[in-house]
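*Asks:* With the hints as constraints, model all of the structure from the sequences given.
Protein chains in written order, with the numbering used here: chain A, 1 to 160; chain B, 161 to 359.
Certain hints may be false.
Take a look, some chain A residues computed to stay more than 10 Å from chain B by CB distance [to be verified]: (1) Arg19; (2) Ala20; (3) Met35; (4) Ser102; (5) Met110.
Straight-line C-alpha distance at most 20 Å; calculated DMTMM-like pairs for lysine to aspartate or glutamate [as the list claims (entries may be wrong)]: (6) Lys37/A / Glu218/B; (7) Lys333/B / Asp322/B; (8) Lys37/A / Asp193/B; (9) Lys37/A / Glu185/B; (10) Lys37/A / Asp322/B.
In case anyone wonders, no lab produced these hints; they're calculated from the structure. Quick caveat, the model's predicted, so the values are computed rather than measured. The beta-carbon is built from N, C-alpha and C at its ideal position, and this holds for glycine as well.
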Amino acid sequence: MNHDRREQEETERVEALLRADPGPSPSELAEARLMLKRALARERSDGATPAPAPLRLASRRWLRISSQAAGFALLVALLAPVLPRVLPAGADARAPIDVVASLAGEASAMRARIAPYLPSLPSLPSFPLPAGMTSRPMEMRPSPAGGLLDWIPSLHSDAR
Amino acid sequence: MTVPAKPFDSANDAAEVRAFLAGDEGAFERLVDRYQRPILHLCQRLLGIEESKDLFQEVFLQAWRALPQLRSPGAFRTWLFRITIRRARRRRLARPGPAGLDNLDRFTAESEGDPIELSEELARMRGSLARLPERQREVVLLRHYEDLSFAEIAAVLGIREDAARANHYQGLKRLRRELHVDSGGSDGSRGGRERTDEP
Chain A
1 MNHDRREQEE TERVEALLRA DPGPSPSELA EARLMLKRAL ARERSDGATP APAPLRLASR
61 RWLRISSQAA GFALLVALLA PVLPRVLPAG ADARAPIDVV ASLAGEASAM RARIAPYLPS
121 LPSLPSFPLP AGMTSRPMEM RPSPAGGLLD WIPSLHSDAR
Chain B
161 MTVPAKPFDS ANDAAEVRAF LAGDEGAFER LVDRYQRPIL HLCQRLLGIE ESKDLFQEVF
221 LQAWRALPQL RSPGAFRTWL FRITIRRARR RRLARPGPAG LDNLDRFTAE SEGDPIELSE
281 ELARMRGSLA RLPERQREVV LLRHYEDLSF AEIAAVLGIR EDAARANHYQ GLKRLRRELH
341 VDSGGSDGSR GGRERTDEP
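*Replies:* Pasting the structure below:
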């Protein structure tokens, strides 16, 4: 009990001492302020201005979108050359075309997602279809179904 | 003696920040007017008298440059203290010699404004503060010199509120012990001046 009281008194004394610290004097403040004033003047004369926030936010968003697009392009570039090799020997000759069509579908979906953020983009180039193919929409193979993600397990499957 | 703390007004800060972002350079000057005393005081206690003016200048320059990135203008005060703490840590790390070792003369040196009758006790207390581990010292300073709540301290230091409370408790306990020993307390020794308690 006595110990607690002494501890309390000591704590109060420490707190009182902390409160009693007068802090910087007016002359110290004036000197620090003068140094700051000079530094700010130097900064302004160097042409440094704080950039407005909206511009920074817009550039950050643009950076995010372009990095996503670059990532997707890299994925396509990596996958495209290896596709003919990983397909089974007896596979349908149109299989690589289906894969490319899936990738194109993913690309157009991504383009639709990011289009509102882009100021303007040139129209995508059109490529002529190989001889013998019509311009009607291609039928997708029923298995594996649909999107690019469904293809990935089959690419890495091991028949053994 | 002790300068009474001006009542804190986050709405006023927010208005000045918005005015500055709208192009009113005078608004930044008014913010400096408002915070120059607490920031310089904190700089003196974090790094000592000598380096405090350089740190003060760095803090406000950094604030001037980065103000457009401040998401919540009402949080200007805690943001400014955060800049101060980080810059002070960086300067301490950049010092030559063993990291975190402070020259106590920097802290126990009298300031021009110190009242004569308080100088000896103040010097002892400042020396004890300088020997506290960094985190404890920061918490004690923010709590007792800047009147920040534990929630605000936690936000400034990026720690949990209960950690801020624990550091405050440990810091005061240590100060109590050191001051008691320094003034010839129960154990009779006058040790500790040369010791550094940095973890």
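*Asks:* Decide, hint by hint, whether the structure agrees.
*Replies:* We went through each hint and held it up to the structure:
no.	hint	verdict
1	Arg19	violated (6 Å)
2	Ala20	violated (6 Å)
3	Met35	violated (5 Å)
4	Ser102	holds (41 Å)
5	Met110	holds (29 Å)
6	Lys37/A / Glu218/B	holds (12 Å)
7	Lys333/B / Asp322/B	holds (16 Å)
8	Lys37/A / Asp193/B	holds (12 Å)
9	Lys37/A / Glu185/B	holds (12 Å)
10	Lys37/A / Asp322/B	violated (39 Å)
Consistency with the previously given hints fails for numbers 1, 2, 3 and 10, ordered from lowest to highest.
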